[in-house]
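With the hints as your guide, set chain Z onto chain L.
Going down the list, the protein sequences come from chains L and Z. Using the numbering used here, read the first sequence as starting at 1 and increasing by one per residue. Using the numbering used here, read the second sequence as starting at 118 and increasing by one per residue.
In case anyone wonders, no lab produced these hints; they're calculated from the structure. Don't be surprised by glycine CBs; every beta carbon is placed ideally from N, CA and C. Hints may be right or wrong, so weigh each one.
[What the hints assert, rightly or not] With a Cα cut of at most 27 Å, we get these calculated DSS-like pairs of lysine-lysine:
id, chain 1, residue 1, chain 2, residue 2
1, Z, Lys187, Z, Lys220
2, Z, Lys220, Z, Lys174
3, L, Lys41, Z, Lys227
4, L, Lys55, L, Lys20
5, Z, Lys173, Z, Lys223
6, L, Lys14, L, Lys64
7, L, Lys20, L, Lys64
8, Z, Lys173, Z, Lys227
9, Z, Lys187, L, Lys41
10, L, Lys41, Z, Lys220
11, Z, Lys220, L, Lys66
12, Z, Lys227, Z, Lys176
13, Z, Lys227, Z, Lys174
14, L, Lys66, L, Lys41
15, L, Lys64, Z, Lys220
16, Z, Lys223, L, Lys41
[Stated by the list, open to error] Examples of chain Z residues toward chain L, derived with CB under 7 Å:
id, residue
17, Gln150
18, Glu158
19, Gly159
20, Pro160
21, Leu162
22, Thr165
23, Leu216
24, Phe218
25, Lys220
26, Gly221
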Amino acid sequence: GAVVSQHPSWVICKSGTSVKIECRSLDFQATTMFWYRQFPKQSLMLMATSNEGSKATYEQGVEKDKFLINHASLTLSTLTVTSAHPEDSSFYICSAEVRGQGIYGYTFGSGTRLTVV
Amino acid sequence: TQLLEQSPQFLSIQEGENLTVYCNSSSVFSSLQWYRQEPGEGPVLLVTVVTGGEVKKLKRLTFQFGDARKDSSLHITAAQPGDTGLYLCAGVEANQGNLIFGKGTKLSVKP
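Just chain L, with the same shape it has in the complex:
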């Protein structure tokens, strides 16, 4: 149980275009979804926290107009990278907190490898 499905797994886009990444909680309701960015050989850096039905909270240094987050339902959160540039190329991962059934932790999506050319 407690699976987060993330799509796409990888995407290549041209500089200046926008890319949408989706994360769905398959068998539980995710009131809060966390979005991370991970550069090669580095750890996860929290970008923003999205709450269902309200505006996302962005970490310092993350441009909210560039990384649009929508959490319209308890099972779906999306991250749109707008006007992508090569420096936006990275591994993006979403996660949701899980409590219950003997589990307390965070379940992660499988990640999206974004390459901007």
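Relative to the frame of chain L, chain Z by itself:
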């Protein structure tokens, strides 16, 4: 400022050896989790520790939470090539809600 210091950053050992990975902080955590991440995949939760001094075992993996809930360790006994991966510790600061990650330990176990 890195709130959660994880060491070592890289570890390359032979099959059958033992190893320990450490996570240290000056902050108190309400809980601390260990994850394992394969290349191109999201992290997978291994264990959550919440009580100071707690020890949890998962087959050949032993996790310990410090008495003061500021540090944790992961010990792997008789490592196998299948243990190869990136191990991440992550903590939820007491009175805060965010999950903070260590920089990770990249483990390579050679047959």
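Hints, verified against the model:
no., hint, in the structure
1, Z:Lys187 x Z:Lys220, "holds, 16 Å"
2, Z:Lys220 x Z:Lys174, "holds, 23 Å"
3, L:Lys41 x Z:Lys227, "holds, 19 Å"
4, L:Lys55 x L:Lys20, "holds, 17 Å"
5, Z:Lys173 x Z:Lys223, "holds, 22 Å"
6, L:Lys14 x L:Lys64, "holds, 21 Å"
7, L:Lys20 x L:Lys64, "holds, 14 Å"
8, Z:Lys173 x Z:Lys227, "holds, 26 Å"
9, Z:Lys187 x L:Lys41, "holds, 25 Å"
10, L:Lys41 x Z:Lys220, "holds, 9 Å"
11, Z:Lys220 x L:Lys66, "holds, 26 Å"
12, Z:Lys227 x Z:Lys176, "holds, 20 Å"
13, Z:Lys227 x Z:Lys174, "holds, 23 Å"
14, L:Lys66 x L:Lys41, "holds, 24 Å"
15, L:Lys64 x Z:Lys220, "holds, 25 Å"
16, Z:Lys223 x L:Lys41, "holds, 8 Å"
17, Gln150, "holds, 5 Å"
18, Glu158, "holds, 6 Å"
19, Gly159, "holds, 3 Å"
20, Pro160, "holds, 5 Å"
21, Leu162, "holds, 4 Å"
22, Thr165, "holds, 5 Å"
23, Leu216, "holds, 6 Å"
24, Phe218, "holds, 5 Å"
25, Lys220, "holds, 4 Å"
26, Gly221, "holds, 5 Å"
In summary, the structure agrees with every hint in the numbered list given earlier.
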